[in-house]
Amino acid sequence: MDVMQAVGPSVAPLRSLSPWPRLRAQARRGLILGVAVFILVMPALFVFLWMLSLALKPDVENTAYPPIFIPRSPTLDSFRQILDGSPIGRYTMNSAVVAGGSTLIALILGVPAGYGIAKSQQRGMLGFVLIARMTPALSYLIPWFIMFRAIGLNNTLTALVITHLVIGLPVVIWVMVGFFDGLPRDLEEAAAVDGASPWQAFWHVALPLGRPGIVVASLLAFIFSWNNFIFAVVLAGRETRTLPVLVFNTLTFERLAFGPLAAAAILVTLPVLIVTVLVQRQIVVGMTAGAVKS
Amino acid sequence: MGTRYIWFIAPAVIVTVAIIIFPWMFTIYMSLHDWQVTGARTFIGLDNYVSAFADRRFIAAIWRTGLYAVFSVTLPVILGTAAATVFHHEFPLRGLLRGIFIMPMMATPVAVALVWAMMFHPQLGVLNYLLKSVGLPPSLWVYSPNTVLPALAMVETWQWTPLVMLIVLGGLATLPVEPYESARIDGAQPWQTFVYITLPLVMPVILVAVVLRTIDALKAFDLIFTITQGGPGTASETLNIYLYLKAFSFYQIGQASAIVVIFFVMIVALSLGALALRERTRWT
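Those sequence lines, one after another, are chains A and B.
With the working numbering, the residue at position 257 of the first sequence is 257, and numbering never jumps.
With the working numbering, the residue at position 177 of the second sequence is 177, and numbering never jumps.
Please keep in mind that the hints were generated in silico from the structure rather than gathered at the bench.
On a predicted model such as this, the values are computed, not experimentally measured, just so you know.
Incorrect hints may have been included.
Stated by the list, open to error - Quick list of the computed label-pair ranges, beta carbon to beta carbon: (1) A/121 x B/18: 20 to 30 Å; (2) B/55 x A/34: 29 to 39 Å; (3) B/4 x A/215: 24 to 34 Å; (4) B/26 x A/123: 22 to 32 Å; (5) B/194 x A/184: 34 to 44 Å.
As the list claims (entries may be wrong) - Output of the computed footprint for chain B on chain A, the stretches with three or more beta carbons under 8 Å from beta carbons of chain B: (6) 44-54; (7) 63-70; (8) 126-140; (9) 217-230; (10) 262-270.
C-beta atoms are modelled at their ideal positions from N, C-alpha and C, and glycine is treated no differently.
Using the sequences and the hints given, assemble the complete structure.
Here it is in structure tokens:
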């Protein structure tokens, strides 16, 4: 329902038969809306375009004053410097293994759990998920750090996969409960009448229907794990660091090398940005699942 | 009905207990000890809590966290609500533009923090150039103790306004139609409709956004750590940064654990307070 359109101008035709005032009002509203949207999108667009501009400009242009917005002699040197001069290949692999592994385990545990919670209406479980979201990451990190040290898991990818479950599992459960809640009950009831066990009903009926929800849940779990910085900073060793740590290290050693810094930032976050714009509709659904209802 | 689904839920519960609940218990246990990473650990009761509150740096960090949170809850909630009313309209390319609008919250925080760090640079940064070009004096941004917290909160606002927008947008989509029809018949102005109908109706959803934002603002780490690491001096040392230094630079595990417990109690108390507020708005 359109809030602004529902009021005001549509009353006008009663007073005047000419279509012009109405059209003019519509045009003015369109203009205001256009300006508003432009103002809203501008800050995001500016920062990401500036990141791109920094990465594509040679050093001279990056340190020029006044700043040069559109690269005059664009170059890929900064990207080359990061690709050749840093262990980005290994870190990308680490990030993929950690995000992929933790997302997979989160799905195996979280999709059935989401189904069970939705079906048995165990809302208390969702409070659990909320508390997991409230807890500062550092409060897990201290005990984990001590425990992983004790069992020799520090500096391993296994430790990172396990800890990233803290990010992925709540997301998967949250999205899946919302999704299974919205599914029609008739199908599973029919399955139950036909003598299917809850497990069979889940496997043959709910799971195929739940595929869109699973896609959203895995995307979000993967992205949040990919983006995570703090766990890897503390728990990863030289060989097991993830991409955000690489970006951070580039920063501390080359504070003023704008080009390579921006190139590193782009290499890490570009996949996420592309996915975001491509599947924004699904992300919107996933991120707001539960927030509106509960 | 309840027990039929227990085997669906049990594995997730077991893992949650192992990776979340057990660490909490362990944290409380550690907070009662003089616990160094290496060497002896002795039971000292509540001494860690007492010394935490005696530590000026800890108290200062609490105030800074509060100030940072006030900025980074208020601004995103106001701007996000405004943005939601805009994106609630139909317009061409809405999907794409909404996708661009939510990019800041999906992008890797360390990567965007890095770009902001470069934009904040007093001489070479683009922000001071933009200020100058509209006739405003330059700022030291994150390089001055006086402006560092607002500057960081600005980045946090940039990053998290989209989440508030999405939540409020979801709320707007569920609003009933009838009040708007009555308002139209009564000849209400658009702003009247917004203030007297839309705002009260979406208030519960806005409060959800307030709660989430409060939790996330108190927990903020990546942005602050990447851009300033708590500096200049300790001017942006929030609780989370202080905690990180305590645990992983000074390795005072027992004291850090006590701070974690205090921090967590504060977050839960604030969240419950906000949720209670939300229950009350339902009746009005």
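Structure-based check of each hint:
Take residue 121 of chain A and residue 18 of chain B: their Cβ atoms lie about 25 Å apart, and the range 20 to 30 Å holds. Distance hint check for residue 55 of chain B and residue 34 of chain A: the Cβ-Cβ separation is about 53 Å, which falls outside the suggested range of 29 to 39 Å. Separation of residue 4 of chain B from residue 215 of chain A is about 27 Å and conforms to the stated range, judged on CB atoms against 24 to 34 Å. Here the CB-CB span from residue 26 of chain B to residue 123 of chain A is close to 28 Å, well matched to the stated 22 to 32 Å.
Checked against the hint of 34 to 44 Å, the pair residue 194 of chain B and residue 184 of chain A passes, with Cβ atoms roughly 36 Å apart. Counting residues of the stretch 44-54 of chain A whose beta carbon lies closer than 8 Å to any beta carbon of chain B gives 7, which reaches the threshold of three, so the coverage claim holds. Taking a C-beta to C-beta cut-off of 8 Å, the stretch 63-70 of chain A contributes 4 residues in contact with chain B, enough for the three needed, and the coverage statement holds. Only when three residues or more bring their CB closer than 8 Å to a CB of chain B does the claim for the stretch 126-140 of chain A stand; here the count is 11, and the claim holds.
Figure legend: the stretch 217-230 of chain A, annotated as covered by chain B; annotation consistent (5 residues with Cβ-Cβ distances under 8 Å, at least 3 required). Given a C-beta distance limit of less than 8 Å, the hint that chain B covers the stretch 262-270 of chain A holds, as 6 residues qualify and 3 suffice.
Of the hints listed earlier, the one the structure fails to meet is number 2.
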